[in-house]
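**Q** Okay, here's what each chain looks like letter by letter:
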Amino acid sequence: MSGNWTNRWVLILILGILIQVIIYPTVWIFQIFTHEYFPDVFLISLISLAIQIGGFYTIMNKTKGMDPSIYGQGRPFQHKLREEDEDVATRKPTFD
Amino acid sequence: MEEQTEEPGLVMKFFQDYRMKMLIPELLVVFAVWYFLPLLDSSFSPIAGNVYQDFGVLQYFFQPLFFLPSGLVVLASAFTLHGIYPLDNYHEGKIDKLPKTAVILIGLSFVLLPILVAFQMLGYYMTEMTEFVSRNPLWERVESVGDLLFYAGPMFFVGLQWWLLIPVFFLSQGIDGIHKIAHHETSSEKITWLFYFLWPLSMPFFFDSVEIMAMVALSIPAFAFYSYVRPYYTYVTSIHTITFASLLLIAVVLVPLLPLMNIWFPGFILPHIPPRVIPWPF
Chain A
1 MSGNWTNRWV LILILGILIQ VIIYPTVWIF QIFTHEYFPD VFLISLISLA
51 IQIGGFYTIM NKTKGMDPSI YGQGRPFQHK LREEDEDVAT RKPTFD
Chain B
1001 MEEQTEEPGL VMKFFQDYRM KMLIPELLVV FAVWYFLPLL DSSFSPIAGN
1051 VYQDFGVLQY FFQPLFFLPS GLVVLASAFT LHGIYPLDNY HEGKIDKLPK
1101 TAVILIGLSF VLLPILVAFQ MLGYYMTEMT EFVSRNPLWE RVESVGDLLF
1151 YAGPMFFVGL QWWLLIPVFF LSQGIDGIHK IAHHETSSEK ITWLFYFLWP
1201 LSMPFFFDSV EIMAMVALSI PAFAFYSYVR PYYTYVTSIH TITFASLLLI
1251 AVVLVPLLPL MNIWFPGFIL PHIPPRVIPW PF
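Just so you know, the sequences run in chain order A and B. FYI, the working numbering numbers position 90 of the first sequence as 90, with every residue one higher than the one before it. In the working numbering, each residue's number is its place in the second sequence (first place is 1) plus 1000.
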């Protein structure tokens, strides 16, 4: 259970979100940037953070109790063109 | 139990066959072109002005219907060029007959903006080269440039923002590269990762801090979405999030120096902030 929260990829993701949580408000409070469109970009960054935090909880909820190796697994169907395909691909785009 | 086959309705089937969901990135590029229009000529707007008016006789090759506003023509071609998706399925052998509607739509696109659509078609065929020739790091890079021509084409051939060519080259390598990695579709993960990291590395050379902040804020959730739907992509999201969060940190530290290109080649990055159309209400 707690193994999921100490997984390397999960910790890196938390760190990445944390850096943004600190920087976006900092540049606004200390007015580090001046730009005609700064208010727009700042608004976008807040929405972006909300999506990322919500998405992070979605990931943790979906993988609750699962083997932490799921986070680094990648697409499991290596030899299919699209996930909905029944058969493995006979032509190239996926690799040998 | 009787097997239920869900046949989509006519409209839904059209949306699926013609991959209308791809309108999301395509319309974003059209809006970006609209955003830059007033910089080309202060009288231009999405519904007024032919961007090729100063091209002399060449303008009739770029836009034969010269009397129509280029902003609307490029919007229309974003829809009509969706004929390419059934064409793609036909090339891949997924459907036996080439649908007539697709051919008409592609033909219509050529009538609207011949030069742009020619380069978009070239881009489409470039993305197919990994299948038709061979999948190796070189052809994979060509595939990404094909994406640049197909999806970002309007930015150059209608918006005429050629100063963006180098950064968009790295952007297309990065975006296409990280998809290839996540989908196990690359012949060399190492080289593909290298080209992915060139994208954030190249940004401080061409953009100022606010533009980089916008790219960070937009691109992280855009990629992360895959892992919200399927958590087995989490490692790709983690790498992209930490990379672009670090880029943001660098953008904050380097504020007065950005974009770096203008230090070494003054005026390399032209002024490109269009006037605000709708002012903030406060």
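Simulated from the structure, these hints should not be mistaken for laboratory data. Heads up, a few of these hints could be off.
[As the list claims (entries may be wrong)] Derived pair list, reagent style SDA-like, types lysine to any residue, alpha-carbon separation capped at 20 Å:
#1 Lys62/A x Pro1221/B
#2 Lys64/A x Val1133/B
#3 Lys62/A x Tyr1226/B
**Q** When you check the alpha-carbon spacing of lysine 62/A and tyrosine 1226/B, does it fall within 20 Å?
**A** This hinted pair holds, its Cα atoms lying about 13 Å apart.
**Q** Tell me if the straight-line CA distance from lysine 62/A to proline 1221/B falls inside 20 Å.
**A** The hint holds at about 18 Å.
**Q** Mind checking the alpha carbons of lysine 64/A and valine 1133/B for me, to see if they're no more than 20 Å apart?
**A** violated (44 Å)
Hint check: a violation occurs at hint 2 only; the rest are consistent with the structure.
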